[in-house]
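Student: Sequence lines, in order, name chains A and B. The first sequence lines up with residues 1 to 113 when you count with this note's numbering. The second sequence lines up with residues 1 to 116 when you count with this note's numbering.
These are calculated hints, taken from the structure and not from any lab test. Incorrect hints may appear among the rest.
Straight-line C-alpha distance at most 25 Å; calculated DMTMM-like pairs for lysine to aspartate or glutamate [claimed, not checked]: (1) LYS100/A x GLU3/A; (2) LYS42/A x GLU72/B; (3) LYS67/A x GLU5/A; (4) LYS2/A x GLU62/B.
Bear in mind that the values here come from a model prediction, so they are computed numbers and not experimental data.
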Amino acid sequence: QKEVEQNSGPLSVPEGAIASLNCTYSDRGSQSFFWYRQYSGKSPELIMFIYSNGDKEDGRFTAQLNKASQYVSLLIRDSQPSDSATYLCAVTQRPRGGFKTIFGAGTRLFVKA
Amino acid sequence: DGGITQSPKYLFRKEGQNVTLSCEQNLNHDAMYWYRQDPGQGLRLIYYSQIVNDFQKGDIAEGYSVSREKKESFPLTVTSAQKNPTAFYLCASSIPSRTGGSYEQYFGPGTRLTVT
Numbered sequence: 001q002k003e004v005e006q007n008s009g010p011l012s013v014p015e016g017a018i019a020s021l022n023c024t025y026s027d028r029g030s031q032s033f034f035w036y037r038q039y040s041g042k043s044p045e046l047i048m049f050i051y052s053n054g055d056k057e058d059g060r061f062t063a064q065l066n067k068a069s070q071y072v073s074l075l076i077r078d079s080q081p082s083d084s085a086t087y088l089c090a091v092t093q094r095p096r097g098g099f100k101t102i103f104g105a106g107t108r109l110f111v112k113a
Numbered sequence: 001d002g003g004i005t006q007s008p009k010y011l012f013r014k015e016g017q018n019v020t021l022s023c024e025q026n027l028n029h030d031a032m033y034w035y036r037q038d039p040g041q042g043l044r045l046i047y048y049s050q051i052v053n054d055f056q057k058g059d060i061a062e063g064y065s066v067s068r069e070k071k072e073s074f075p076l077t078v079t080s081a082q083k084n085p086t087a088f089y090l091c092a093s094s095i096p097s098r099t100g101g102s103y104e105q106y107f108g109p110g111t112r113l114t115v116t
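Next up, chain B with everything else stripped away, as it sits in the complex (with noise of 0.2 Å):
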């Protein structure tokens, strides 16, 4: 079966402890993205990679860290210096669209970390 997968499912910390996230693909996708999701809120972007070795901080990358050294894999990390770390954080991938200018995501299970 093909698909994301995200671990671990639910991950809880102690306040000033560095945590990473897993993102896993199987679907052959160059494009991965890490999302934050707060209740109520939509989809912020934390970070993006299009193409292995290489990313982009997104919308709100301050207090995160990522790697692309591999085609199938986007670990997340959550330092110290994230003010607000808890939320529900999610994992997407994508594949070029058909017309060339845009692109479908599909996302994983999500983790929802919460740091005390």
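Bound conformation, chain A alone (with noise of 0.2 Å):
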């Protein structure tokens, strides 16, 4: 099993929809949860974090965390075509000795005009 489990897309959504990521993770200690963007041949661009259970918000971007059920998701309100990327998850752990954050293999959106 696989740390940080991503499906691997791609996802295509019409222009206007609402855009559903989601992202699963094996270690109950993990503490953090990102969501990176990454356009194609570009390095990722974090674009929300999250700590606690629940929702949270920023403009068009909503994450949603469940720790019980280790589940993270990303939903893209009003998707444009500009919202067309890889959208890599990334969860922190706290092994001894420092942290540690694993990185999915992204999932590919396609946001359709």
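Put the complex together from the two separate chains, hints included.
Tutor: Printed below as a string of structure tokens:
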């Protein structure tokens, strides 16, 4: 079992729809959760982070965390073609000696105009 | 402007040659990281450093070396011992989080290395 799992996609949604991206993780001790957006050929860009169970909203983005289910998701409302990218889920664990961030392989999102 | 710079953007080398990738940050971040990304895959941690003059191996350190002589700089050397060096290399840095429990990492633009 991978430590951080994402559906590779592509996930295709029409412009204006809600895109729902999901991520599961294996370590119950994971403390912090991040979503990065990566355009093709570019480096990842941090878009959301969440530490506590529940929802966190920032503009069109909502991150949802359920630690009991070891599940984190990202909702993108009013999806735009410019949202087309790969979305990486990252989870920070705290093994002895410091922090360790594990990245999922990413979900490709395609927003159709 | 604060940020992380990596140079060069594209790098071509012959097999058997060592090559050093540059990473500089002016964000005053304590921690710095090197990742490798292969097509269709997530980021894999090569090395990280939480403080000057100290660094630890990540998950795929074999064939790589680093140094951290200055807070701002964390160069990565890809040695001839690295069997499959062609990849997209990403440098990142981070600050302690507000909760004291995690790090939000910020990435440089990356260096795409091709070894033939």
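Student: Does each hint fit the structure? Answer for all of them.
Tutor: Results for each hint:
no. : hint              : result
1   : LYS100/A x GLU3/A : holds (12 Å)
2   : LYS42/A x GLU72/B : holds (22 Å)
3   : LYS67/A x GLU5/A  : holds (15 Å)
4   : LYS2/A x GLU62/B  : holds (21 Å)
Checked against the numbered hints given earlier, this structure breaks none of them.
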